[in-house]
Amino acid sequence: MRNNAAFIAFFAACLAAAPLAAGAAELRIGFTSDPLTLDPANHRSRETETIIRLIYSGLAANALDMTVVPDVAKSWQWIDPKILQVTLRDGVKFQGGETMTADDVVYSFTRLLKEGAVGGQTSPRKGLLGPVTEVAKVDDRTVRFVLSEPWPVLPAMLTFQEVVSKDFTEKVGTPGLATQADGTGSFGLVQWRRGDSLVLERFPGFFGGPSDIPPAGKACVDRVIVKIIPENAARVAALLAGDVDLINDLPAHDIRTVEANANTRVAAVNGTRTFFVALNNGKKPFDDVRVRQAANYAVDRQVIIDRILNGRAAALNGVMSPAAFGFNPDLPAYGYDPAKAKELLAEAGYANGIDVMLDTDGPQKDTAEAIASLLTRAGIRTKVQVGEAAQLRARWAPDGTRDGDMWISSWGNGSLDPTDIFVPTLRTKDRGNAAGYANPEVDKLLDAAGLETDQAKRAELYRDAQAIVNRQAPWIFLWLPQDLYGASKRLVGWQPLASGMLNLRDACVR
Amino acid sequence: MSGIAVLGRIRLSYLVVAVFVAMAVLAPIIAPHDPADSDLFRRLQPPFWMAGGEAGFPLGCDALGRDILSRIIFGTRISILVGVVVVSAATVIGVLAGLAAGYLRGWVDVVVSWMTDVLLGFPYLIFAIGLMAMMGPGLLNMVFALAYKEWVVPCRVVRGETLAARETEYVEAARALGASRRFIMLREVLPNILAPVLAVATIRVAQVIILEASLSFLGLGVQPPTASWGSMIADGRGYILDAWWVSTFPGVAILLLVLAINLAGQVRRRDDHG
Amino acid sequence: MSPAALLTRLLHLIPVLLGVTVVVFLMMAATPGDPAEVMLAGQQATPAQVAALRHDMGLDRPPLERFGLFVGHAVRGQFGQSLFHRRPVAQVIAERLPATIELSLAALVFALVVAIPLGVLAAVKRGGWLDRAATFGTLLGVSLPGFWFGILLLIGFAVQWRLLPVSGEIDYDAQPPGVTGFLLVDSVLAGRLDSLLNTLAHLALPAITLGLPMAAILMRVTRSSMLDVLRQDYITFAEAKGLSRGRVLLVHALKNALLPTVTVAALETGALLGGNMVVETVFGWPGLGRLVVESIFVRNYPLVQAAVLLYAVTFVLLNFCADLLYTILNPRVRM
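Same order as they appear, the protein sequences are chains G, V and B. Residue numbering for the first sequence follows the numbering used here, starting at 1027 and increasing by one per position. Residue numbering for the second sequence follows the numbering used here, starting at 164 and increasing by one per position. Residue numbering for the third sequence follows the numbering used here, starting at 215 and increasing by one per position.
No lab work stands behind these hints: they were computed from the structure. Keep in mind that a hint or two might mislead.
Covered by chain B, per the in silico footprint, the following chain G stretches (three or more residues, Cβ under 8 Å) [to be verified]:
(1) 1059–1069
(2) 1103–1113
(3) 1141–1151
(4) 1212–1223
(5) 1299–1309
(6) 1414–1424
Simulated DEER-style distance windows between Cβ atoms [what the hints assert, rightly or not]:
(7) G/D1356 / B/A244: 29 to 35 Å
(8) G/D1425 / V/V271: 42 to 48 Å
(9) G/N1378 / V/V271: 42 to 48 Å
(10) V/L326 / B/Q446: 23 to 29 Å
(11) B/G291 / G/K1197: 24 to 30 Å
Since this is a predicted model, take the numbers as computed values, not measurements. Positions of the beta carbon are idealized from the N, C-alpha and C atoms, including for glycine.
Turn these sequences into a full structure, and let the hints steer you where they fit.
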């Protein structure tokens, strides 16, 4: 039944006995997509995780500046390069009433790691735990993560997992956990109308959330209604009409409308998704570094950022975002110099210019066409070809047909660590290496940095690698867009997070 | 209804269709600008009667600063081409298949009927989307995806009419005279059963034009920078709150052409029934 | 219709459904793009992890085996797991189906309510201003691209004039207790006027957008069949007997005139299911159409296969019912 009648007894009693009092605060959110499931271990979608994190907490969370802070954990430390010991907080309660213990944590992570532990299938989030082999209980307040090799980024990766209740999960089973919830987060699930909306109610027994994020306290709103509105114009319209107080994924060009409206404002945060144009390094003409550099000189990034993205992006000269670990701030920008581009093309033997194709998916079409027209003016005559995202990925995969010239693409870096983005996109033959870039020197640096435990040394290795990549220009370097949200001016106590999570703990609607 | 009113109706709808056809044919001559010429500084410029508009770009500019009027004029080619080609090809195939099925009967009929039933079981857009996901986007693939399902209806109609016509006297006479089956099918049966098919053809052209727009709307249409009315509406739907002209004018164009085609077809049919 | 003919017709459905299953399976198999890659797009995962996910999804088996498994399970009513929701496909579809059915039926009712009176009146007052206006209006109805028209309605009624809600099915506070899963029915069962009105307000725009082309078609069918009926001898006879015009119309003419309307309506309802996805996308209606289109784009094979099979069964059954209805209502026609 679409009408989810899985009331947790606690909330059912409240609702039956005392309907929401007049004047009680309600926060309505217009969200882009329906969560695929409410089972924290059984999906691989950022949007789904955003909703789940309203109901569940994890061992770690991101603060506003994206530093990793303990959530239901109290602290952690590496007692060995391959063993992370985590101490848990006291007094963390589940919405169903039980207190969280180490058993729940061990159960949650074993469920993530063991083959076939999630309803006969393996958790798709297992890969996010890297070389973790097991999680063992030390005592009621302590657990240990055992790894097969050193992995310094583990605490950051713990922000992507949540803790479930062992008793509850065993009672309802994996099928039940998909549509019912019993978490330690600030809100409890009341109802989920698939595809339409979710209703959450304040959990009075909430432990307060990460103490590192001030002010730590209980949720201000009594009820949160998440309305699913996938169509952009409708979602913005809902905000402008006052139907919702907060929307995510605000399209860049609606910024002016939202700012002009007396009741709404724009909230922005530097994003974590790098955009670039992958050039096919294995095929003429982009096998020549001069042609690749020419392409970089030919694109006036600033005019595209100003006109199409409304100024809401930071130009990048590499793959890493400025907030990421090991970011190299001294990378030289190529700048807009079409004359230099033509010069380089002539040097490489293409005095009459070249004819190439730029692959793009639907959402990036406008940007792709703008880039194409700039490239064409510099002698790189570009035709845009719109394809379906799934098809393009198959074509540009390391083992795909790889018959294209350029592909405007992006890669996310939620953990803000190079292992999540630098390695997959630029290491030889790695999964996200659409450009086909193959540089043994860069590979060596990346491998060494992956095992280096001294943070300062690690950062330097990454900086060197970025400098090499910048010179060799396997891509046309583009930008890092901001994540944009629209909010009612009545909404206070809320700031957007670069991780995409909605921390509604202190949110209030006046 | 008075003769003059009917005459007036005929003329207006035929005229409108003729105007659109002329637009399609003469596009490079009458369009004020190059439809692919993008100028980011003209992005989302309003129509000339609004503040910020200019007479040189009468209907405003789209998200990449391209002239909407020029794109609508060139877009006429796509719509008319797709509509006419798809329906013509589909009708020819459908008529031949239906004729064969209805007259020859036997296993030919079984196979053709089975194919039409299977294809009819798919909702139209889903089949088209599935086909295009399989073949990739683009004009040619879209024509193929639309025609693929279009042939089914003429086929069924023709099959039914052929079955009925089979038993008529003129066919029996032809058979008695020793005429070959093919001869009978093509020369005797065919002309008599075409009427209902042709009658529906104009409506189908209109429907296909809208379907092409829907496919473009879902991202499976023509490749940029080619302008099709459907992809123009789709491109503009994100801007509808403040730059309504990007979606609205192509929508009006679809409406006018399809309405004119439907009106013209309807009047002709009324004439047929005398 | 004899029981033997009935049985033959029903058995005829089986090769058709098999054909549909084969076609959709082949189409999905021939489509480039891998659901495991889509799921892990832009996220860090080693090739080994991707392969593990593919294995988990059952995609590393040969196509023939997968097809056999699908058919074998399908006849037992099991359609596998949705690759993205990781729950049984049957459950995911069943959750979204009531919304689509409710929207389709609302569109159908809207179409009938508009078409039948207009069609009758246009036929009766043939050539008058009403006839011409209605004819023009119907041509307009089949000429409007639904997605464009829907967006304009949305901007007008929901944003500009704030008369109707922007999206969704119902507001939380107005929900009736869920008995059947159909909001309109549940509202009536619970006797809650506020639920009923709230649901209707949310249904209005999508149902009108979806139902307008159908209303146009049905109006024309009604009008032309009414004209045919009115010309019949038995009508003239009834009038000659002295029966009032009104009684003649309602009792004799309408009953016979509605027959083609009803059969066409049954057939077109099948088409409504296909037209759903555009309207559901524009209005954010939580139905099956939107889900199926999204599933095609992310290559969620099991869900697409099951949904298409469901559509095919529905369409074929509707066709069958239309034929049956025609036979029952018109005793002169024998199968």
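Looking at the structure, which of the earlier hints fail to hold? 2, 5, 7 and 9
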